[in-house]
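Trainee: Heads up: the sequence lines are chains A and B, in that order.
With the UniProt record's numbering applied, the first sequence has no gaps in its numbers, which climb one by one up to 589 at the end.
With the UniProt record's numbering applied, the second sequence has no gaps in its numbers, which climb one by one up to 589 at the end.
There may be inaccurate statements among the hints.
No copy labels: a pair is met if it fits in one copy or bridges any two.
Capping the alpha-carbon separation at 30 Å, the derived lysine-lysine pairs in BS3-like fashion look like this [said to hold, decoys possible]:
(1) 404 to 522
(2) 404 to 370
(3) 407 to 93
(4) 522 to 501
(5) 555 to 370
(6) 184 to 357
(7) 407 to 184
(8) 404 to 551
(9) 555 to 404
(10) 522 to 69
(11) 584 to 407
(12) 6 to 551
(13) 551 to 397
(14) 407 to 156
(15) 555 to 580
(16) 584 to 357
(17) 555 to 6
(18) 555 to 501
Quick caveat, the hints were computed from the structure, so don't treat them as lab data.
Protein chains: 2
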Amino acid sequence: MKEPEKVTPEETVGGPTPASAYRRPNGSAPQIAGDPLCLPPGVDSSTFKTFTLRLADIVGQENITIIDKADELRQDSYLNPSKVHDMFYILEKEYFVASCVVAPRNVPDVQAIMRLCNEFIIPAWPFSIGRNVGYGGSAPRVPGSIGIDMGRNMNKVLEVNVDGAYALVEPGVTFFDLHDYLVKNNLRDHLWCDVPDLGGGSVLGNTVERGVGYTPYGDHWMMHCGMEIVLPDGSLIRTGMGALPDPDADPSLPPHEQSWNKCAHLFNYGFGPYNDGIFSQGSLGIVTKLGIWLMTNPGGYQSYLITIPRDEDLHQAVEIIRPLRVGMILQNVPTLRHVLLDAAVMGDRKTYTSSTKPLTDPEIDAIAEKLNLGRWNFYGALYGPPPVRDVMWQVVKASFGKIKGAKFYFPEEMPDNLVLQTRHDTLQGIPSVTELRWVDWLPNGAHLFFSPIAKVSGDDAVAQYELTRRRSEEFGFDFIGTFVVGMREMHHIVCIVFDRKDPDSRRRAHKLISILVDDAAKQGWGEYRTHLALMDQIASTYSFNDNAMSKLNQKIKDALDPKGILAPGKNGVWPSSYDKEAWKVPFRG
Amino acid sequence: MKEPEKVTPEETVGGPTPASAYRRPNGSAPQIAGDPLCLPPGVDSSTFKTFTLRLADIVGQENITIIDKADELRQDSYLNPSKVHDMFYILEKEYFVASCVVAPRNVPDVQAIMRLCNEFIIPAWPFSIGRNVGYGGSAPRVPGSIGIDMGRNMNKVLEVNVDGAYALVEPGVTFFDLHDYLVKNNLRDHLWCDVPDLGGGSVLGNTVERGVGYTPYGDHWMMHCGMEIVLPDGSLIRTGMGALPDPDADPSLPPHEQSWNKCAHLFNYGFGPYNDGIFSQGSLGIVTKLGIWLMTNPGGYQSYLITIPRDEDLHQAVEIIRPLRVGMILQNVPTLRHVLLDAAVMGDRKTYTSSTKPLTDPEIDAIAEKLNLGRWNFYGALYGPPPVRDVMWQVVKASFGKIKGAKFYFPEEMPDNLVLQTRHDTLQGIPSVTELRWVDWLPNGAHLFFSPIAKVSGDDAVAQYELTRRRSEEFGFDFIGTFVVGMREMHHIVCIVFDRKDPDSRRRAHKLISILVDDAAKQGWGEYRTHLALMDQIASTYSFNDNAMSKLNQKIKDALDPKGILAPGKNGVWPSSYDKEAWKVPFRG
């Protein structure tokens with residue numbers, strides 16, 4: 001195969017096209033203003049100008065924003081806290097930045113943008129809402145990419161089907177939106193929408209990034225069903241049964257407006273290769289519509305908190321959790337949270353200490369005592385009518401009761417426990433943003449997630465906790481974390497809270513996560529998702545048999561996106577047309 | 001892109017290489033005997049001979065069998081009832097036939113076979129056990145392909161992990177094997193393996209083909225976790241967390257023998273694009289190892305039968321089923337079976353009638369009465385300790401009790417009902433082959449499955465039943481079918497039983513299924529899986545937006561398998577190097 005030309009930060013692809021050479025069909029004068037903070041790679045400002053004018057012809061001028069250099073220097077506008085960057089930047093805030101942001105109004109706009117990006121060989125980075133906090137927000141991996149704001153205009157709940165218990169949503173629909181839709185349409189008594197900790201994100205975006213929630217439907221990717229996707233060449237597919245036309249579809253309508261096959265959101269796999277997964281955490285297409293299964297009201301609900309007193313009880317607690325979870329006595333995705341996560345929701349660091357050093361065990365014990373919490377706190381729920389809940393609760397109580405000093409609480413017994421009150425909502429699919437508060441643990445608080453997968457075993461939990469706490473403290477941070485218990489594994493979410501206005505704090509956070517990735521890989525632990533700055537590093541740990549999986553990913557990438565215009569570098573997958581080394585993230589560690 | 005040369009049945013690719021030109025490294029004389037019934041496309045017998053000698057160098061002579069023409073004509077040996085063809089052929093039995101069958105001993109053999117097939121441009125068709133009955137058995141789509149018998153030598157249960165509740169299996173492990181392993185190791189009290197109707201098939205093969213079973217773990221694809229796959233270029237990947245090396249792996253071992261990452265069978269998705277799905281019902285790789293989740297003993301079990309008296313009760317029954325299933329009151333994959341399916345398990349057609357015409361309603365009523373069954377019969381089960389089962393059963397009884405004349409039975413109340421006794425096993429993961437008996441409904445009984453997906457709605461169920469019964473009778477067949485109830489849809493499995501020794505019966509069966517595919521597509525119904533002869537037709541019904549999904553499939557196929565050597569035509573996906581039209585299945589309708 002012929003080696004394609006590489007795109008590097010320095011190189012110019014194609015000669016400059018003066019903006020003056022471009023006239024709109026109607027002869028009107030080009031009017032996209034602004035000098036971008038960062039140009040797309042290898043594109044001069046004149047070509048960029050032409051490109052944005054062409055974009056304006058697609059979506060209308062009101063749907064393009066240049067990330068204006070002067071503006072940014074002046075007022076921090078777009079960079080904080082809006083949609084087109086990483087609001088929790090760990091590099092300089094200008095590093096992961098788009099050249100402009102375009103908000104398509106509909107599917108044909110997305111298709112036209114893909115075709116235009118191919119024509120100009122300009123990379124594009126789609127985002128739904130931009131709330132991918134802790135993982136890079138809406139910022140692109142390749143500086144100067146155009147941001148495609150999928151959610152601004154495409155934000156409708158297209159359908160909630162009660163019989164089939166599913167919703168069909170556009171990228172801009174947040175968990176709040178979907179929940180509100182259920183409430184407003186008096187459907188909440190029938191249907192619950194699983195929600196993650198924060199309700200402000202996109203249902204579609206979270207699902208495609210394989211985010212999780214906490215009801216029995218917590219594995220969002222498992223619960224998706226039927227997608228509509230624009231491929232990098234601008235063509236449009238519907239997956240699964242959606243690939244089978246609906247006989248009632250109006251042939252005079254464009255494909256994206258045609259009614260869906262009646263089973264498109266009822267059966268995932270369709271016929272032949274099941275392609276959905278390659279579009280998750282991927283760069284092979286832009287998802288424009290997503291079917292997501294809703295949980296039916298289980299006929300009863302009871303949330304609870306179990307406080308687990310000692311730090312060293314972690315081992316026993318996880319050993320108790322494993323058989324209960326795999327046996328579905330624990331019916332949902334419960335969490336085992338370190339006390340400082342709860343403490344951080346209920347107050348900032350200064351509320352608890354004047355020390356600038358990482359909190360010591362005695363200090364953490366004192367906080368736990370003050371908050372009437374354990375060193376670890378298990379938030380779960382029971383689903384079903386009373387006799388079912390009673391059976392489950394008896395087993396749960398008897399099992400956790402083996403931990404000396406463990407205490408059991410229902411929310412009504414702890415009206416002032418903000419976390420329990422919030423989890424009571426979250427675990428029944430009621431969204432909130434309360435838990436964002438822990439980011440304020442430090443002044444100018446921002447965070448990075450370090451998210452390794454762990455076996456549900458006491459040994460693994462303790463080893464991950466020991467490692468991540470030790471390293472956190474080594475870099476001057478408190479350990480704040482939670483084990484999110486899936487069917488047979490835990491997403492161990494370590495929240496690295498740093499001061500985004502303090503370059504040293506950012507540097508330490510960056511260094512910490514980078515070291516943790518390597519530490520973890522040495523133990524055989526891999527992350528399920530990550531921040532832009534860590535994508536290459538983490539992808540490189542999934543290196544079995546001489547990086548066979550990375551090679552496969554690149555082969556498929558090249559086949560579907562030969563010019564490498566869609567999200568190059570996302571999750572460590574680079575098209576051949578990019579020199580991965582040249583795009584290495586600067587590291588100030 | 002340059003249009004590649006097409007492989008057609010007539011064309012010769014590459015010049016002939018005389019077998020005499022080939023000498024083994026050790027100088028021994030070539031010894032693969034036999035004149036194949038069918039050569040690979042475009043390959044002359046001399047080249048084929050050389051190819052088989054090279055194959056013998058890979059796997060040993062004892063692991064190659066030429067599908068010998070003389071032998072076949074003489075004794076019907078390999079074609080009936082063995083592994084390398086469709087034992088339930090609907091075309092002439094010599095149509096879907098391999099040129100030879102090779103049984104790799106291990107993963108490097110599979111890799112070497114892939115490389116050799118690329119060198120000779122000879123298509124290969126892998127199968128696990130060859131029990132894909134009703135869908136083509138072990139036969140290849142392209143006549144003359146080499147069959148790769150993955151199961152003959154690679155048939156070990158590599159691991160059963162009790163804590164993680166999963167198994168790791170090779171292609172040759174049957175459901176019987178896995179169940180026996182659990183029994184022999186005293187693990188059956190802890191772990192159940194979901195099984196389909198027939199236990200003789202491959203766990204891996206069934207899962208990759210997206211077959212279903214009947215416990216709460218009935219969606220085998222959903223319950224798989226972590227695969228090892230040889231790609232068409234011979235490279236080896238492990239998916240999900242399996243792509244992350246195990247730190248304890250012995251680097252002196254070849255990759256396929258290295259220990260797996262400890263989370264490989266606990267967490268499906270890994271990091272980055274989730275590729276597993278493209279290898280299901282696909283032709284992009286050969287799965288050599290599969291992780292599959294096992295169900296933990298639910299702490300109690302009760303199977304049941306609900307007889308539903310009248311044919312027209314189907315509508316009401318399905319309306320009752322929908323909310324119960326989506327609400328998980330029906331905890332598993334239950335089935336709503338037409339009485340003739342049960343009747344066929346308990347006796348052949350002659351037991352019930354001397355008529356040669358399709359059975360009339362009064363005749364079917366008489367059979368139902370004789371067997372003490374309803375016209376429809378619902379087989380379900382309750383899982384969990386008594387209080388949980390009691391709650392579920394109360395709801396189930398109250399709901400189905402609304403059907404006038406519905407009766408409820410536990411297996412102990414119907415000791416002579418072979419179907420209920422068998423379902424009692426199947427629904428708790430105990431394999432059997434009892435249900436194969438319905439194939440003997442006709443003399444020389446064989447069958448084809450017509451398997452459309454249906455909404456769980458009375459209207460859809462009745463419409464599919466009405467259509468498939470009417471068409472079946474039009475072609476002289478009795479309607480024999482079952483609705484297999486998934487989370488939000490039903491796999492409607494219509495069993496077309498025909499006499500394989502009667503060319504007219506075969507012709508009518510072929511015509512019937514072909515017409516049903518078109519009839520169904522007009523209603524928006526699509527099949528989830530099919531026989532070799534129908535793959536192109538069904539793939540062509542998944543045609544949304546000018547066959548966008550087919551085009552995507554072909555693009556990925558071409559990228560990973562540029563010479564089109566792996567299972568060309570499988571599920572309607574043809575590499576560009578094949579002229580699809582030239583490979584059209586002859587239709588004698």
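Trainee: Determine for every hint whether it applies to the structure shown.
Mentor: Results of checking the hints against the structure:
no. : hint       : in the structure
1   : 404 to 522 : neither (34 Å within a copy, 65 Å between copies)
2   : 404 to 370 : within (19 Å within a copy, 62 Å between copies)
3   : 407 to 93  : neither (45 Å within a copy, 70 Å between copies)
4   : 522 to 501 : neither (32 Å within a copy, 61 Å between copies)
5   : 555 to 370 : neither (56 Å within a copy, 61 Å between copies)
6   : 184 to 357 : neither (48 Å within a copy, 57 Å between copies)
7   : 407 to 184 : neither (38 Å within a copy, 41 Å between copies)
8   : 404 to 551 : neither (51 Å within a copy, 61 Å between copies)
9   : 555 to 404 : neither (54 Å within a copy, 60 Å between copies)
10  : 522 to 69  : neither (42 Å within a copy, 56 Å between copies)
11  : 584 to 407 : neither (49 Å within a copy, 69 Å between copies)
12  : 6 to 551   : both (17 Å within a copy, 27 Å between copies)
13  : 551 to 397 : neither (49 Å within a copy, 55 Å between copies)
14  : 407 to 156 : neither (44 Å within a copy, 46 Å between copies)
15  : 555 to 580 : both (15 Å within a copy, 24 Å between copies)
16  : 584 to 357 : neither (32 Å within a copy, 74 Å between copies)
17  : 555 to 6   : both (15 Å within a copy, 22 Å between copies)
18  : 555 to 501 : neither (41 Å within a copy, 47 Å between copies)
Checked against the numbered hints above, the structure breaks hints 1, 3, 4, 5, 6, 7, 8, 9, 10, 11, 13, 14, 16, 18 and satisfies the rest.
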